[in-house]
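**Student:** Listed below, chain by chain, are the residues.
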Amino acid sequence: MSHLFGHDQPLSVQGGGQRPSSFVGSFDPRVRVVAAGLFSVMVVSLHQIEFALAAFFAAVATMFMTDLPLRLTLKRMAAMDGFIIVMLVMLPFTTPGTAMFTVLGAEASKEGLQHAVLIGIRANAVVLMMLSLLAGLTPVGLGHTLYRLRCPAALVHLMMFTVRYISVLHDEYHRLRMAMKLRGFKARNSIHTYRSLGYLFGMLLVRSLERAERVLEAMKCRGFSGHFPMIDHLVFRQRDALFGVGFLMLVSVFVILDRFYVVAY
Amino acid sequence: MHIVDGALAPEVLIGGGVLAVAGLGLGLRKLPIDKIPATGVLSATFFVASLIHVPVGPSSVHLIMSGLAGLVLGWTAFPALFVGLLLQAIFFGFGGLTVLGVNTVNIAFPAVIAGFMFRGLVSRSNPTFAAIWGGCAGALSIALTTLFVAISLGLSGEGFVPAAKLVFFAHIPIMAVEGLVSAAAVYLIMKVKPALLMADARISRYDAQSPAILAEQVNEANNG
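In the order they appear, the protein sequences are chains P and E.
Just so you know, we're using this note's numbering here: the first sequence kicks off at 926 and counts up by one.
Just so you know, we're using this note's numbering here: the second sequence kicks off at 7 and counts up by one.
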């Protein structure tokens, strides 16, 4: 998955983007990052399944306004759902409440089922909206955006370095792994496997630190003083403000309706 | 290990967020400008660890190596692991934005604890014993992480308690595997480049790199 962080990634912050960006992607990334944060906080605070479902459909609608490949997005969502499926399946049986049905002697409660469904919808809504709003934003672009949003410079620099070296070190890992494969290594359930992978990771750490030392020396050579100039052309236009206000209104409507309008069952 | 958005109670989310900000602040204060490149590269290494899959029984898990991160980085493991989690949350959709604080605390805090508990022991021992202590650090950090995950789930609702227990017991083989892999990694590092695990020695190496070390570096195989 490290290809996402590949160094041959087009830096949309540099050339203004080679490909025409989608409708959502055309807004200022700062607005999009803040909107994604707001949306997650809003969704997490929803109590009713109907409104959580509506938020999920809002996320789906946003996804269709981006150029995200549908299959890949669904795959990512499925991966995320894999994390929670066990918990969601267990929840109806472990929450006390009115019994609905029994499986193998275990009683499932209505409250537990509702809670599980609510969590599932909320989790999917947040992830889908985040992937959609931040679609087309490269990791480097994200760093610049966070810097402009007044995140601590040290943290942003740390993130930029991490982003830069993930793909390099993943390549290094593949090289080491290839060398092991040539010597007949096969991952099994054995102490030998765990030891070999430990050596592999230890070697990766050693090499990465040596690389870091070289990088630091090269940077000092070029007069690094702890600050990177951030090359970007972020402009906050009227339509960005409109997008922000519109999104804020949408979020507030959701929260207010969720609190005051009770859907009758 | 990632908790997703929407599962935890708001109080837990806020508490996790506050703790994460405090930890980040402390970690960043211990991060001089000189060490940002090295920390970034190491942070990328620990990100790559999460892309390495290890077979466990019929399935496979990815490495976390947070114990080793704590040993190598100390407090700066906090921002380093946070960056990895942020990138995973935003670009892979693992976990989410509101639980980022809780997830960071659950993974980075055990790393820091394990690092401080075993750092001195590892740097003072010969490679074999260092490997044993390193393995303990690796297993302990995963154990603490699952415990923290279980606690954050348990605090969010009674219904989660059985799931939290299940999470804990399901991770016991993973603790063992992490411990073994960390032990092997520490053994290799102690043989090849013990400076990596001697935190104090490393700082002085940056300040005054002797010509001998530079000559040694020139002779080392150039790997990029």
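Keep in mind the hints are simulated off the structure, nothing from the lab.
From the three backbone atoms N, C-alpha and C, an ideal C-beta is built for every residue, glycine too.
Check before you lean on any hint, since a few could be wrong.
[Unchecked claim] Straight-line Cα separation of at most 25 Å, DSS-like style, residue types lysine-lysine; simulated pairs:
(1) E/Lys199 <-> P/Lys1145
(2) E/Lys197 <-> P/Lys1145
(3) P/Lys1145 <-> E/Lys171
(4) P/Lys1106 <-> E/Lys36
(5) E/Lys41 <-> E/Lys197
(6) E/Lys197 <-> P/Lys1035
(7) E/Lys171 <-> E/Lys36
(8) E/Lys41 <-> E/Lys199
[Unchecked claim] Ranges between beta-carbon positions, derived for each pair:
(9) P/Arg1184 <-> E/Ile39: 13 to 23 Å
(10) P/Glu975 <-> E/Pro64: 36 to 46 Å
(11) P/Ile1156 <-> E/Val62: 37 to 47 Å
(12) E/Val62 <-> P/Val1042: 26 to 36 Å
(13) E/Pro200 <-> P/Glu1032: 50 to 60 Å
**Student:** All the hints need checking, so say for each whether the structure fits it.
**Tutor:** For each hint, the structure was consulted:
Under the criterion of a C-alpha separation no larger than 25 Å, the hint pairing E/Lys199 with P/Lys1145 is consistent with the structure, at around 23 Å. With a C-alpha separation of about 29 Å, the suggested pair E/Lys197 and P/Lys1145 falls outside the 25 Å cut-off, and the hint is violated. Note on P/Lys1145 and E/Lys171: the hinted pairing is violated, with a Cα-Cα distance of about 51 Å set against a maximum of 25 Å. Between the alpha carbons of P/Lys1106 and E/Lys36 the distance comes to roughly 40 Å, so the proposed pair goes past 25 Å and is violated.
Taking the CA atoms of E/Lys41 and E/Lys197, the gap is near 24 Å; set against the 25 Å cutoff, the hint holds. Of the supplied pair hints, the one linking E/Lys197 and P/Lys1035 is violated, its CA atoms being roughly 59 Å apart against a limit of 25 Å. Distance hint between E/Lys171 and E/Lys36 is unfulfilled; the C-alpha atoms sit about 36 Å from each other, more than 25 Å. The suggested pairing of E/Lys41 with E/Lys199 holds, with an alpha-carbon distance near 18 Å, which does not exceed 25 Å.
A beta carbon spacing of about 47 Å between P/Arg1184 and E/Ile39 contradicts the range 13 to 23 Å that was offered as a hint. A hinted range of 36 to 46 Å holds for the C-beta pair P/Glu975 and E/Pro64, which are about 41 Å apart. In this structure the supplied range 37 to 47 Å holds for P/Ile1156 paired with E/Val62, their Cβ-Cβ distance being about 45 Å. At about 31 Å, the CB distance of E/Val62 to P/Val1042 agrees with the hint of 26 to 36 Å.
Taken as a hint, the range 50 to 60 Å holds for the pair E/Pro200 and P/Glu1032, whose Cβ atoms sit roughly 58 Å apart.
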